[in-house]
Amino acid sequence: MNRTTLVARRLLAASALPTLCLAPAFAQDAAPADEGDTIVVTGSRIQRSDYNIPNPLVTVTAENLEQAGNVQLVDTLRQNPALIASFSGAQTSGSLADFGAVGVQLLNLRGLGENRTLVLVNGRRHVSSISGSAAVDVNTIPNDLIEGVDVLTGGASAIYGADGVSGVVNFRLMRNFDGFKASGQVGISSRGDAGQRYGSLTYGKNFSDGRGNIALSYEYRDQDRLSSANRYRTGNPLGTYGIVRDPNDIPDDPTRPDRVPTNNLRYADSSPDGAVDLDLDGIPDFTGSGKVYDRGRLLPSSGGLTQGGDSTQLAGYQGDLQAYNRVHNFNLLSHYDFSDAFKVFVEAKYVKNRTFTLQQPSFDFFTYLSPDNPYLQDRYAGIADTSQGALISRDNYDLGVRGERNDRETMRFVGGFEGRISEHANYELSYTFGQTKSKVLLTDYRIGDRYWAAIDAVRDPATGNIVCRSTIDPTANINPDNYDAPASSFTPGANSGCRPLNLLGNGVRDQAALDWVNADILNRARVQQHVVSGSISGDFGQFFELPGGPVGFAIGAEYRKEKSRFIPDQLLQDGALQDFSLQLPESGSFDVKEVFGELSVPVLKEVPFAYNLSFGAAIRLSDYSTVGKTTTWKVDGTYAPIPDLTLRGTWSEAVRAPNITELFAPRNGGFSFITDPCDPVALPNGTQYRAANCQATLAAAGLSPAQIAAFNPENDPTATVSLPGFSGGNRDLREETARTWTAGVVLRPRFIPGLTASFDWYDIKLKNAVNTPTAEELAQLCVDQPSLDNVYCQNITRASGTGYISSYFVQPQNVANFRTAGADFKLNYGFDTAKMGSFAIGLVGGYLDRLEFIPTPGATVNIDRGEAYYPKWNATGDITWKLDSLTVNYGISWFSKTDRYTREELAGNPDIAAPEYLKYKEKWQHDLYVAYDVDKRFRFYMGVNNLFDQQPSIASANYPISFVGRYMYAGAKITM
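Counting from 1 along the sequence shown, just add 64 to a position and that's the residue number in our numbering.
Worth flagging that the hints you see were computed from the coordinates, not collected in a lab. Hints are not guaranteed to be accurate.
Claimed, not checked - The list that follows gives simulated cross-link-like pairs (lysine-lysine, DSSO-like), each with its CA atoms no further than 30 Å apart:
(1) 899 / 946
(2) 245 / 407
(3) 829 / 625
(4) 946 / 1037
(5) 831 / 657
(6) 899 / 1037
(7) 625 / 503
Starting from the given sequences, assemble the full structure and let the hints guide the process.
Next comes the structure, spelled out in structure tokens:
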């Protein structure tokens, strides 16, 4: 499988679905409004009856959110079949967090990526939370002000503009709140960790006889940081498993599984204490403390792993399972109606968000210590010969585990006025300003020249003290065996501040040396959004009416400007860090001018065989400063032969213009771990072209047939280290285009009062998609195409003589196609009893028929359906019982088994693992919520999510269910 976005890679790497706490199944297709009532719905600017909505629309209500018990909104929204691949804390914590994106909560509609999901607040755009992108962090949305969340598939770009190629998620906030509301909640896992706290205060007041309203809200949320080292399944080497190559199955026995569950895994020949090689044969002889080195049980063809011994354990290595996350959210909502013709409205908010996570330690791999290093001489005196010096590999826990703290400030202002032009027309004019300012602090990163100077220790012949070599020889290059360049961040000599650093042993370093070597790196980013929009909507009723009513219309224009700037720390710009590559400032902007129109044509209404028949259409013409002119459109229709049955459908074309980073990112450095697709272990796991292409590319690197036959980088430690490379933008990118059709049916049988059900099919084809592969995907895509003459091979470099990948360049290209199709089904049924209260039964589910990725035209189709985070079936069902002041909700969240290995891997290696390990297990999460209303003003509630404490699959930290396990919470709400 090769993904176009980082979505699947990060999700699977995180192996986590965060706690999906079951709320009452999401509302859908509410019962018809009273005759004559009209509303404005998500997906249209025209007022219409709510049973006349052509798009599949799922609504999450405020009651749903409360009963879910989740402090983090995305954990509830991910129960929606369309949002199951969305990003929550587990994917943005620890070593999995992207630079500058710790703790963000991103929505991913239909698995097509967060940049293709348009997030709105009250039908208007929201500023991005990450520089260079369009992704909105749901942390910025105030939980307690939400009236409902609408999730819509298809036809969005013609109404709201670019980015919504997969659909729209619209957060509708309360209006006209009058009174006071306070709420609070605390929660913790059954293991006493992963705690969360939430509190909010809202005050609203109607005035001027209801013509005006003002509401103020403050909200606080935070969650505890949780290290993977603190859980048995991720932090204890005996409880942490991987499924790796069985050394007893080499050479391969086709009747025996190649990979088996294995615990106590270690990174071969590297240790927190130091793995020291004194005879320079590439194999450690001693630990840094002087003990004979135990390599453990070697595991060939397992990516440089061993079992047991002195090497660094995988358990706990990747840092946090959950980042610390704290949010202060202030909101103001107000409006004043001077008259029906002139109404003023204002929305304003300020959000301050701090997140922090610890990642993995820095590491040294085959770092050379010279023979005159006094720490080396003292450690092994009388034990071993140090005359050749030593190679040391270590994981530097004692030098400070690297971390990242993000401070984000989001400001948003919406102001405008609206009113009635006539009985049949209304207008609206608004301005939206949004800004996100971020400070990204990287903690405990080594300054390269200082680190190499500090470990190059010698004995001062004048005093006998251990000093830095650069202190007594300031004219020479720094550490010629490892760095061999002049100092750039300090001036060598007696006053340089350099203090010698001892790597031989865990925790033996001098704090003063560490303070001189390490630095905290402060980076800054700012994103701005300006939107001016004006529209006129209404109907042609003053001129004519169709049998179904007047034809509705909306026309308007919009101007939008997006700006983004990222300024890295000067040390990053200088490329001075040992563990972080060169990063240059990134700045870019674009604007777009648009005009749009929409029609709603009610052909028939309440006549025999046509209770309702209507059609609609919308078009938007856009002119981007980057990609030029684009056109998006939509046509739709609904037909209800009787009130009980409605048929609906849409057909649309949407576009996404490339974002600022995709266009304007400078050529930056990077490091990546790459499993070579031409290694014998990986060779069968690709397309039918991989073997021949690998032969050709290795021959082009100068390898002989014998060398190609023996090519095995997985067993060479020098080929499994983090490889240097580059990434950058592409100013030649064009827009990507999606064609979407939906068709569905809504049932509201009058003979079963309270029952509503719907079934909708969707089909999305995305062409000319912007594909930004990871470095490993780049290597795979190069050799998996019909020939080596492709855009991916142009950006991979192999070393002459060895054939090992030596460099790469990751760049977005308009070369990919996507196709996804499936069904959403929903059912709600509510009824009252005479003595037992009322019951509400809900079900929302999805079926994924296809999810396909074609990396280049003519290439083999990658089928991703059924892989992790893309289950074939998923469903959430619940029952809510209300009796007087008591409310009880019990629910189940489920999805089907998903593949642990890709189809390509299984086709090339049918005995890759035993049958019970070929798939991740089903997700079964049971949730319980109980609330008691003391009176009309006070409610107390408590609940348990993942009641039966289901655990993730073996060899998975967080999938198919969250690492949190059983989670308990309690809260209270006061309304006055």
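- Item | Broken hints, by number | none
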